Amino acid sequence: MTRKITIDPITRLEGHGKIEVFLDDDGAVQETFFQIPELRGFERFVVGRPIEELPRLVTRICGVCPASHHMASAKAVDGCFGGEVAPLAVKLRRMYYNAHYMHSHIAHFYALAAPDFVMGPDSDPAERNILGVVGKVGLEIGGAVIKARGQAQEIQRIIGGRSTQDIWCIPGGVAKGLKPEELEQIKPMTRELHDFALFSLQLFRDVVLGNPAYVELIVNGPYTLDVHNMGLVDESNAPDFYDGQVRVVDFEGTELYRYEPREYADYVAEHVESWSYLKFPYLKKRGWRGFAEGIDSSLYCATPLARLNVADRMATPKAQEAFEEMFSTLGGHPCRALLAQHWARLVEMVQNSEALLSYCDDPEITGDAFRVIPQEITGEGVGIVEAMRGTLTHHYTCDARAICTSANLIVGTTNNNAPIQMVTKKVAQAMIKPGVEPDQGVLNMIEMGFRAFDPCYSCATHALPGEMPLELIVWRDGEVWRRVRRNC
Amino acid sequence: MGGRKLQIALYWGAGCGGCDVAVLDTNEFILDVAALADIRLWPIAVDGKYRDVEEMADGELDLTLFNGAVRNSENEHIARLLRRKSRLLVAFGSCAHMGGIPGLANLATKEEIYDRAYLHNPSIEPGNTTVPLAQTSVNGYSLELPRFYQRVFKLDDVVDVDYYLPGCPPAADQVRAVLEVIVSGVLPPKGSVVGAGDRGLCDECTRTKAEKKIKEFRRPWQIMADPEACLLEQGILCAGPATRSGCGARCPTSSIPCRGCYGPMPGVVDQGAKLLSAVTSVIDSKDPDEIDAILAGLPDFTGYAYRFSLPASLLQRSVRS
Chain A
1 MTRKITIDPI
11 TRLEGHGKIE
21 VFLDDDGAVQ
31 ETFFQIPELR
41 GFERFVVGRP
51 IEELPRLVTR
61 ICGVCPASHH
71 MASAKAVDGC
81 FGGEVAPLAV
91 KLRRMYYNAH
101 YMHSHIAHFY
111 ALAAPDFVMG
121 PDSDPAERNI
131 LGVVGKVGLE
141 IGGAVIKARG
151 QAQEIQRIIG
161 GRSTQDIWCI
171 PGGVAKGLKP
181 EELEQIKPMT
191 RELHDFALFS
201 LQLFRDVVLG
211 NPAYVELIVN
221 GPYTLDVHNM
231 GLVDESNAPD
241 FYDGQVRVVD
251 FEGTELYRYE
261 PREYADYVAE
271 HVESWSYLKF
281 PYLKKRGWRG
291 FAEGIDSSLY
301 CATPLARLNV
311 ADRMATPKAQ
321 EAFEEMFSTL
331 GGHPCRALLA
341 QHWARLVEMV
351 QNSEALLSYC
361 DDPEITGDAF
371 RVIPQEITGE
381 GVGIVEAMRG
391 TLTHHYTCDA
401 RAICTSANLI
411 VGTTNNNAPI
421 QMVTKKVAQA
431 MIKPGVEPDQ
441 GVLNMIEMGF
451 RAFDPCYSCA
461 THALPGEMPL
471 ELIVWRDGEV
481 WRRVRRNC
Chain B
489 MGGRKLQIAL
499 YWGAGCGGCD
509 VAVLDTNEFI
519 LDVAALADIR
529 LWPIAVDGKY
539 RDVEEMADGE
549 LDLTLFNGAV
559 RNSENEHIAR
569 LLRRKSRLLV
579 AFGSCAHMGG
589 IPGLANLATK
599 EEIYDRAYLH
609 NPSIEPGNTT
619 VPLAQTSVNG
629 YSLELPRFYQ
639 RVFKLDDVVD
649 VDYYLPGCPP
659 AADQVRAVLE
669 VIVSGVLPPK
679 GSVVGAGDRG
689 LCDECTRTKA
699 EKKIKEFRRP
709 WQIMADPEAC
719 LLEQGILCAG
729 PATRSGCGAR
739 CPTSSIPCRG
749 CYGPMPGVVD
759 QGAKLLSAVT
769 SVIDSKDPDE
779 IDAILAGLPD
789 FTGYAYRFSL
799 PASLLQRSVR
809 S
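The listed protein sequences derive, respectively, from chains A and B.
Using my numbering, the first residue of the first sequence is number 1, and each one after it goes up by one.
Using my numbering, the first residue of the second sequence is number 489, and each one after it goes up by one.
No lab work stands behind these hints: they were computed from the structure.
Small disclaimer: the values here were computed from a predicted structure and weren't measured.
Think of the CB as a built atom: it goes at the ideal place given N, C-alpha and C, for glycine as much as any other residue.
Hints are supplied without guarantee of correctness; some may be wrong.
To be verified - Just so you have them, the derived chain A footprint on chain B, three or more residues with Cβ under 8 Å: (1) 513-522; (2) 583-596; (3) 613-623; (4) 631-637; (5) 690-699; (6) 731-743; (7) 771-784.
To be verified - With a straight-line Cα cutoff of 25 Å, these simulated DMTMM-like cross-link-like pairs (lysine to aspartate or glutamate) come out: (8) A:Lys-91 - B:Asp-714; (9) B:Lys-701 - B:Asp-780; (10) A:Lys-179 - B:Glu-613; (11) A:Lys-179 - B:Glu-692; (12) A:Lys-136 - B:Asp-526; (13) A:Lys-147 - B:Glu-516; (14) A:Lys-147 - B:Asp-780; (15) A:Lys-179 - B:Asp-714; (16) A:Lys-284 - B:Asp-603; (17) B:Lys-703 - B:Glu-721; (18) A:Lys-426 - B:Glu-716; (19) A:Lys-187 - B:Glu-721; (20) A:Lys-147 - B:Glu-692; (21) A:Lys-285 - B:Glu-613; (22) A:Lys-136 - B:Asp-520.
What the hints assert, rightly or not - Interface residues of chain B toward chain A, partial, derived using beta-carbon atoms under 10 Å: (23) Arg-559; (24) Arg-604; (25) Tyr-606; (26) Pro-610; (27) Pro-657; (28) Cys-749; (29) Pro-787; (30) Thr-790.
Same shape as in the complex, but just chain A (with noise of 0.2 Å):
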């Protein structure tokens, strides 16, 4: 996330996660602003780049979910070369990412969300991170969540070559197969991963719903928003992580749309403003209709739960089951608790695992079929994938040569921007009371808000992720009244 530090915020605001808060003359909290100051270019400077050379270069749009720019981009190359891939390819590039889901899912989980409902909320914020987690639930399991995450990279890396900036797909399928002995080398990792997504589910149960406080934080806190949900699903409306058609589903669980990763721009428009680098994505159909909630509002979730709100199902056992006590337990399908997010998560994670599982134990995934040569260049490509953060979409055109001739993004973490804004304004407004000092504590309750989304600057602008340095400035008659810091 960014990591931009303000010292002297006159002079220096660049990749600053800045918070301004604006009180009206009675000290209620009249206007915020989110602004994410940092923009890098990569739609720019891809062109006039070799169209296959793209994969390898969009990784480097996010070093901690590189897997989902190269999917999303190796598709849209694909689409660039007539569309056709090998179907052993399009497993062994499905198995694959499955493994960078594991990684995602647990580093998140136990790095970023675990410390407020291990830890709790109002813990001392030197012991809310990872390694309070493990101070608390024991080194053993920090073990084992270490041993994990490392396992799910090492599925990539042998696999594809290389676990972060990926370099294995090229058109028409991917650079290397799958040896019998590489796939006995994953089997026990793999079963092992399946163990510990269950395991985490658990812990989950344990922390998380065996303290009525924590579900009355998640049903009932300032936590909701009444914006749409968005994300891929296959032919029976079960999450698909690589591949499907994008749903988008009202919050009432109404179908709004559903289209092809090809019509994307009909569905999709993105709004500038021009107080924030990272621009504001809604449903083109229903026109930018400002920040707003509510049953008419064109803004959109595209997050962990929001897949889960658009899927009737999930792909495999395990993961229904979870999937089933979840939305009884939270009252009903769709939910829109945001701090839902964390369960829906370990819910994603039992899917990649029990998907894992089975590629394992598909007899021809060590085949030698595993790239085509693509025959024509036809020239344009959309690829779709759901990367951890959300809905990720990659448009190429490329000229005869096959050299790129244009780029279009629209990540993760974008498409989350409006309603990002709207809950951090929420729960300002719910917490800055007048006469109400603002603290840490209210800081931290902002900061769980847009946390839900697992925000990813990296992918969104080019700040990077990981404990946000933050600034919330609170504004009183024209001159700073209150300023709390973290991290900066």
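With chain A held as given, fit chain B onto it using these hints.
Only chain B this time, still in chain A's reference frame:
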């Protein structure tokens, strides 16, 4: 480093987070680091207060690993601050070392980037003319955004750097090895490239070289690479002959050509010029027209040759008048 615990910081400039993942990829070794060192700042994992760094004495940190390039004044400000606070500053990864892939932005202007991002693309709001502004007034509220430098810089363009640890990202075993050396206190000469080999990548690549010349270049999409033979000798452009060893040839081993993230081999100033020299030496022709025709099979040579090193090259950037 004496009897006390090492005081270290990890920080990111204009990078992607992949270097931090490379540190995480040392897995259990992380716990050893935590035992040997106080991690005073590491935004991805530890809740260190940035203000605490400001309040440190100069030289209070033993070591800072700085990843990411320098592309705005904030990156430069933090680089200068951490330089002052650290006895050792390591340019960690390709971006800090040479500018990295974000350095390819030096081939475009800021205006071109804005045009693509905000004004002309398939999903922008119809009719939009708004772009981000340094100063905005919204309903009477004054808001500011930063200005970016016109180009991307590598870390040692703005501060003195002690060591360079190359790679995009650095291989985890190399990260571990470098940290172990620093803990040992037996340091290499200032300015050294560490965590890498001192030969060319081809020396550690297991592919078979047959001293074969070529009549045609083939792009990766056009060919099913032979799994054993040298990629360059199959006509697939590979930056191995211009690149430093140390990564284990992880890309060529997977039938994917090297793009040079470990930087130039020792003694080479400009990685792209070295690659051009290597490429021309494998062309099987002495006829200028035929050589031109063969080289036409390599469009965008700049983008290949300086994939990770444009800001560190003699060229540095494209300039439009």
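Now for the hints, and whether the structure bears them out:
1. 513-522: holds (count 6)
2. 583-596: holds (count 7)
3. 613-623: As far as the region 613-623 of chain B goes, the hint holds, because 7 residues have Cβ atoms under 8 Å from chain A.
4. 631-637: Coverage by chain A holds for the region 631-637 of chain B (6 residues, Cβ < 8 Å).
5. 690-699: violated (count 0)
6. 731-743: Since three or more residues must qualify, the claim that chain A covers the region 731-743 of chain B holds, with 5 doing so at under 8 Å.
7. 771-784: Since 0 is below three, the answer is violated.
8. A:Lys-91 - B:Asp-714: holds, 23 Å
9. B:Lys-701 - B:Asp-780: holds, 16 Å
10. A:Lys-179 - B:Glu-613: Given that 25 Å is the threshold and the Cα spacing comes to 48 Å, the pair is violated.
11. A:Lys-179 - B:Glu-692: holds, 23 Å
12. A:Lys-136 - B:Asp-526: It holds: about 20 Å lies between the C-alpha atoms, which stays within 25 Å.
13. A:Lys-147 - B:Glu-516: Holds, at roughly 8 Å.
14. A:Lys-147 - B:Asp-780: Not OK: Lys-147 (chain A) and Asp-780 (chain B) at ~53 Å, beyond 25 Å, violated.
15. A:Lys-179 - B:Asp-714: holds, 16 Å
16. A:Lys-284 - B:Asp-603: holds, 21 Å
17. B:Lys-703 - B:Glu-721: holds, 10 Å
18. A:Lys-426 - B:Glu-716: violated, 60 Å
19. A:Lys-187 - B:Glu-721: violated, 36 Å
20. A:Lys-147 - B:Glu-692: Since the Cα atoms of Lys-147 (chain A) and Glu-692 (chain B) sit roughly 29 Å apart, the hinted pair is violated (cutoff 25 Å).
21. A:Lys-285 - B:Glu-613: Measuring from Cα to Cα gives roughly 11 Å; hence the hint holds.
22. A:Lys-136 - B:Asp-520: With a Cα-Cα distance of about 19 Å, the restraint between Lys-136 (chain A) and Asp-520 (chain B) holds, given a limit of 25 Å.
23. Arg-559: With a minimum Cβ separation of about 8 Å from chain A (threshold 10 Å), the hint on Arg-559 (chain B) holds.
24. Arg-604: Given a least distance of 4 Å, the restraint on Arg-604 (chain B) holds.
25. Tyr-606: holds, 5 Å
26. Pro-610: At about 4 Å, which falls below the 10 Å cut-off, the nearest Cβ of chain A leaves the hint on Pro-610 (chain B) intact, so it holds.
27. Pro-657: OK, holds: Pro-657 (chain B) within 10 Å of chain A, min 6 Å.
28. Cys-749: Status holds, d = 8 Å.
29. Pro-787: holds, 6 Å
30. Thr-790: Holds: closest Cβ of chain A sits about 9 Å from Thr-790 (chain B), inside 10 Å.
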